[in-house]
Every structure is written in C-alpha cells, then in structure tokens.
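Start from chain A and add chain B according to the hints.
2 protein chains.
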Amino acid sequence: MKTNVKVLDCTIRDGGLVNNWDFDVDFVRDLYDSLNAAGVDYMEIGYKNSPKLVDTEGVGPWRFCEDDFIREVIPEKKNTKLSAIVDIGRVEVDDILPCEESSIDLIRVACYLKDIDKAIDLVEAFNKLGYETSINIMAVSNSLGLGLNEALKKVNESPVDMAYIVDSYGSLYNKDIQYLIETFKKYAPNKKLGIHTHNNLQMAFSNTIFSYEQGVEFLDTSIFGMGRGAGNCPTELILGYLNSTKYDVRPILRVIENRLLPLREKLEWGYNTAYAITGLFNEHPRSAIAIRKSNAKNNFLGFYDKLSSVETHEDIK
Amino acid sequence: MKTNVKVLDCTIRDGGLVNNWDFDVDFVRDLYDSLNAAGVDYMEIGYKNSPKLVDTEGVGPWRFCEDDFIREVIPEKKNTKLSAIVDIGRVEVDDILPCEESSIDLIRVACYLKDIDKAIDLVEAFNKLGYETSINIMAVSNSLGLGLNEALKKVNESPVDMAYIVDSYGSLYNKDIQYLIETFKKYAPNKKLGIHTHNNLQMAFSNTIFSYEQGVEFLDTSIFGMGRGAGNCPTELILGYLNSTKYDVRPILRVIENRLLPLREKLEWGYNTAYAITGLFNEHPRSAIAIRKSNAKNNFLGFYDKLSSVETHEDIK
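Just so you know, the protein sequences line up as chains A and B, in that order.
Under numbering that gives the first Met the number 0, the first residue of the first sequence carries the number 0, and numbering increases by one thereafter.
Under numbering that gives the first Met the number 0, the first residue of the second sequence carries the number 0, and numbering increases by one thereafter.
Chain A with its partners taken away, still in its complex shape (with noise of 0.2 Å):
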C-alpha cells in the first residue's frame, strides 16, 4: 500500500442526504467504533452548517454538528480523526470554536468554482482556528476548463491542506478522472490530492482506486456506499483493495449486517437505472431521486426521453 493514503469515510455526512441526518445516536457511535476498530484514518460525522442559515425542520443533529453534542457523542476519541463539511453561505465562522476546544480535526469547505475566492476565506478562517482544511469542488464534469485551472492556482496559494476532485453526478469515467488528476497536480502542486465518488455509473469504486493508483491520497467511501443517489465507493472494497494490515475490513462487515442492511430496507440509495441515465447526461442526480420517489420510479424510457429533450441543464442549486 501506498503509505500516505488516507481513507475518509462519508457515511453519515453523505448518507445524511438520504434521511436528513435522522442517525440515532448509537448508530453513529458504533459506527464511530467499527471504523476505529477498522483502522479508517478520519469519520466525516456530517454537516457543521448553522442552524441560524438552514432549515432545521425534521432535520437530524448531524446537520449541524454542534460541538457539545458530537462530545457526548463520542466522549473519548480513538485513532481515528472527526471532519466535518461546511457549504458556502450556510455556515457562521463566529460559532465555529478553535480546534483544540472542538472534536473535529478537519472541516472540508465543499464549493462550486463560482465560490472559490469564498471557500478560499472560510478555509484561512478554519486554517487559523487550527484544523486542518479542505477544498472540495463539487460537480467537477461541469468545471473544466480555463476556470478550473485558475480557482486552482488560488487553492494553491491558499493555507488548504487538500483539493478534492468531487464527481458529484457521478458521470466521470477513469479517462475523466486521470484529465482531471492532471489538471490539479499541473495547478495546485503544493497541495494533497482527496477523490469522492459516486456510484451511478458503477464507477465509484474503479474511480477511487484508480486515483489512489494515480497518487491520490486521501480517498472518500461509505459503508455499504451509503450516499445520495447513487452512493458512494464502498469502504468495505477499498479496505479489501488496501489489502494492508493497517486496515481490518472486518468490523465493517458488522456493521453492514447490524446497522447498514435494516437501514437500506426502508429507504433507497446505491445503482439504480435512473441513476444511471442522470450519469450519462452528467445531471445532478436531483432528478433521478424523484423519480424514484414517484409513481414512475422505473419508467426509465420516459425518463430517459425526459432528460434527452432538456436542452440546457438545470442551474446548478
């Protein structure tokens, strides 16, 4: 294995976008357990949005991730690192404490291109409080270009720890994702290099370790790919592909039978066709969780046909 990878597991701050963060408590802290036991380098336990900015109807703890919560949570942290995620103009940097007082290690800034002189600001905020930063470019298919090549000599010149390639549709193929690499080694040198997936073209998997082949360090999944939509690259395949003693794939495997499974029974995530036909227009997956929420849930021909005679795509929300 290479030794500077790192594997970030998503399942809570990813699959929180498929029950609106409803975990219980226990859920979390076992899973917080089993990926200690398994040797995962960091959690992502969710959001660390402010409840001042969004919604907070129906909306779980993990949306938010308050810092005396997340310390009840997991009172004594184990090897394993917390990160959290914050989006652009949804999170109050005055609430957020300084490093040494939180149980967060990493708080990922995820943007699109058009706000990176604003995640840019947020990670020097984060930077000085003392965490360790990421940028996460979201829907990368639809950011390539000149663009792309200019927020990137910025995130270079930034405090940011990692620039993260994000295929949120879930469109990119390993040509795709090797352009890309490339384009981010070429701009951002300075800077570690994180991959996140998602599964609507079954690439999320191939996608991943073909970045990590590539020297990709940091390496985003979820357990049994909880995720949107699609889902993610499952951790469970990445710790068999690692194939490294620093890694024990099986308290994931627990796990998937105690807490993943009965969760999957009642709601909906991984490959499914609609997905699919989303990944190959390189639309937001938006669309496709309708559906699959509707009467036609598997009427993908008219889905298909739908999407086909949509001649620009949605705006980017």
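A few of these clues could be false.
[Unchecked claim] Here are the simulated SDA-like cross-link-like pairs (lysine to any residue), alpha carbons at most 20 Å apart as the crow flies:
(1) K5/A with E212/A
(2) K245/A with S307/B
(3) K1/A with D175/B
(4) K174/A with L241/B
(5) K296/A with R263/B
(6) K184/A with S142/A
(7) K191/A with N135/A
(8) K245/A with L81/A
(9) K296/B with N257/A
(10) K5/A with L81/A
(11) K174/B with Y211/A
(12) K153/B with L112/B
(13) K174/B with Y172/A
(14) K1/A with N173/B
(15) K174/B with E212/A
(16) K245/A with L300/B
(17) K174/A with S243/B
(18) K152/B with N126/B
(19) K305/A with E256/B
(20) K117/A with L145/A
(21) K305/A with N242/B
(22) K305/B with N242/A
(23) K117/A with N155/A
(24) K292/B with L260/A
(25) K174/A with Q177/B
(26) K296/A with E256/B
(27) K153/A with G59/A
(28) K296/B with L260/A
(29) K174/A with G214/B
(30) K80/A with L192/A
(31) K127/A with P97/A
(32) K174/B with G214/A
(33) K296/B with N141/A
[Claimed, not checked] Simulated restraints on C-beta separations:
(34) G301/A with S243/B: 22 to 30 Å
(35) P158/B with N18/A: 40 to 48 Å
(36) N155/A with S307/B: 42 to 50 Å
(37) S307/B with K117/A: 48 to 56 Å
(38) P188/B with K265/A: 51 to 59 Å
Think of the hints as simulated: they come from the structure by calculation, not from any bench.
Glycine included, C-beta positions come from ideal geometry on N, C-alpha and C.
For chain B alone, coordinates are given in the frame of chain A:
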C-alpha cells in the same frame, strides 16, 4: 467508437444460471427484438449442451437450444446474430447441425485451462460445420503463468475466431485485465479478443470499458446485469458508454422495466457484500450463492472468517 467492437448480450445464457433457464418464450423473443432494435451485435440465447449428457430435470430449454425450438422462438432473424455456448464433456458434436441449417451463428466453447486441447477439438469441429467460434477460458484469475501462455499458443494456431478472457470469479482489477490482455495479445496475436466480467467487486463495467479501450473487440454484457451471483456488465451502461449512432439504449430501458424488474423481484442477482467477499478471496461464487440462499444470508463477517480459514481453494468443478 472503435469500429470493430461487438456487443454480445448473454442475459439468457448467464442469467439462466440464476433461474435454471426458466425463461418463457415471450420473454426471450422480446429480448431478441429489443436487442435487435438496440443494435446489439449478438444475443447468446443459451447453452447448447446435450440433454443426453446433463441433467434435464427442471431445466428450461435454453440449456439445450435445440435448433427446431430456437427457430420457433425466433422465426425471422434480424440483424442481431445468435450465439450459444457449450461446456467440455457436455456437448454431443454429432448432434450439431451445419451452421446453414441452424439459427445459431456463433458457438462459444467454455473451458478451464486444463481442457484447452478438448476445447480446440470442439472448435475445429464447429468451424468445419461453418460456425463462428470462440474459446472462453474461464477462471482465468487462477490460470496465470506458463500454462496460460502455452494454451494461448495452441489457441493461436487453431481456427478459432475469438479468444475470451473470462473473469469467472469477478476478482480482477484493471491492472490484472491489462496483464491478461497483454498476455493474450502476445501469445494469440492472430485472434480477436473478448472479455466477460462479473461484478463481485463492482468492477464488471470498469473492466469491460478498460478492455475496450485496450482494443478488445468482443464485449459480453447482460441486461440489468442479470447473471450468476454478482451478475455481469450491464448492457445499458455499455451502450451509454459507446454512445454511437450504431446503438440505441432506449429499447433496453424498456425491457428492463417490463421484463427484468419483475424477474428481479423474484430472483436475486447483482452486487452484494457476500459476492464481494468471494471476489476478494479469488474464490468461485458458489459459496456466496449458497450463503445468500441460507438463513445466514447477511452474516458477512461469519462468511469472511470462514473463507479466511479455508487453507486451499475448492477444486474447480
């Protein structure tokens, strides 16, 4: 799209391993019409083993593909060619009609490495009868090294049209496929290459498009991934990837909704953690298939520990 690529859909043949070839005639006819409308090059309609040599109890007709029956099912062949596969020791060569009297265009011979001479004997017989032929070397992940090189030299000297890499255990990654393609190209340079994958490690589609990019011309797929255990590379994803005017994914989407989804409600196939475990151990999926039919179907940790403690692989049957 590379001009010589051929897509071979094996839904009925590999899917027959899931339901004992219990497809009704309407289903198979609809699949043929859909594959033809989609521009798929070949449909593998089943095995052409002899009812004299295998157990016929409770087995559907697609295990035998008798010529009169196939002509009844598909009275009028269209552009999509038909193929059937045979197993060593289970086919009666004397009962095979000349190609011009049969609806079958291509006969594929499945063999383990140890039976390569028998496979070539069959190929010679079928070739004389006017069929296109292929040799499909199964369980290739357990067949590396000198024995494979020698076998491929014999294949190269035979009249066979295609040599297939078959990842029976779904245990191969792109880098393994790359090694195999290089080996096949080196020792059987005169033959077209084919690829048949399984999805144990969520690599079926990735390995198939990787092979395509490396010049492999025959791509095995199945609709909705229907096939033994973790299933195969989905036809719909390949047609989307090739994105050529030669192919149209729409008829496949229709048949998924109308035919495959109702079947999937009754039968299990496709990626599952149990199949991932046999993939990681480079084992035949039969133990995972058995687990999935037992009360311990979700005891993934127990299954993993059991396979860990097996000191020698099961014999290949």
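The hints, checked one at a time:
1. K5/A with E212/A: 13 Å, holds
2. K245/A with S307/B: Distance ~18 Å between K245/A and S307/B Cα, so the pair holds.
3. K1/A with D175/B: 18 Å, holds
4. K174/A with L241/B: With a Cα-Cα distance of about 14 Å, the restraint between K174/A and L241/B holds, given a limit of 20 Å.
5. K296/A with R263/B: With a Cα-Cα distance of about 15 Å, the restraint between K296/A and R263/B holds, given a limit of 20 Å.
6. K184/A with S142/A: Holds: K184/A and S142/A sit about 16 Å apart, inside 20 Å.
7. K191/A with N135/A: At roughly 12 Å apart (the allowed maximum being 20 Å), N135/A and K191/A satisfy the hint.
8. K245/A with L81/A: 18 Å, holds
9. K296/B with N257/A: Satisfied, since the Cα-Cα distance of roughly 13 Å is no more than 20 Å.
10. K5/A with L81/A: 13 Å, holds
11. K174/B with Y211/A: Given pair K174/B, Y211/A holds - Cα atoms ~13 Å apart, limit 20 Å.
12. K153/B with L112/B: 11 Å, holds
13. K174/B with Y172/A: Judged against 20 Å, a Cα distance of about 16 Å means the pair holds.
14. K1/A with N173/B: 18 Å, holds
15. K174/B with E212/A: 10 Å, holds
16. K245/A with L300/B: 18 Å, holds
17. K174/A with S243/B: Holds, because 18 Å separates the two Cα atoms, which is no more than 20 Å.
18. K152/B with N126/B: 18 Å, holds
19. K305/A with E256/B: With a Cα-Cα distance of about 16 Å, the restraint between K305/A and E256/B holds, given a limit of 20 Å.
20. K117/A with L145/A: Roughly 19 Å separates the two Cα atoms, so the pair holds.
21. K305/A with N242/B: Roughly 18 Å between the alpha carbons, so the hint for K305/A and N242/B holds.
22. K305/B with N242/A: Status holds; Cα separation ~18 Å.
23. K117/A with N155/A: Distance ~15 Å between K117/A and N155/A Cα, so the pair holds.
24. K292/B with L260/A: 17 Å, holds
25. K174/A with Q177/B: 15 Å, holds
26. K296/A with E256/B: With a Cα-Cα distance of about 10 Å, the restraint between K296/A and E256/B holds, given a limit of 20 Å.
27. K153/A with G59/A: 35 Å, violated
28. K296/B with L260/A: Given that 20 Å is the threshold and the Cα spacing comes to 11 Å, the pair holds.
29. K174/A with G214/B: 15 Å, holds
30. K80/A with L192/A: 18 Å, holds
31. K127/A with P97/A: 8 Å, holds
32. K174/B with G214/A: Measuring from Cα to Cα gives roughly 15 Å; hence the hint holds.
33. K296/B with N141/A: 41 Å, violated
34. G301/A with S243/B: 22 to 30 Å: Check passed, 23 Å falls within 22 to 30 Å.
35. P158/B with N18/A: 40 to 48 Å: 59 Å, violated
36. N155/A with S307/B: 42 to 50 Å: 45 Å, holds
37. S307/B with K117/A: 48 to 56 Å: Holds: the Cβ-Cβ distance is about 49 Å, inside 48 to 56 Å.
38. P188/B with K265/A: 51 to 59 Å: 54 Å, holds
Checked against the numbered hints given earlier, the structure breaks hints 27, 33 and 35 and satisfies all the rest.
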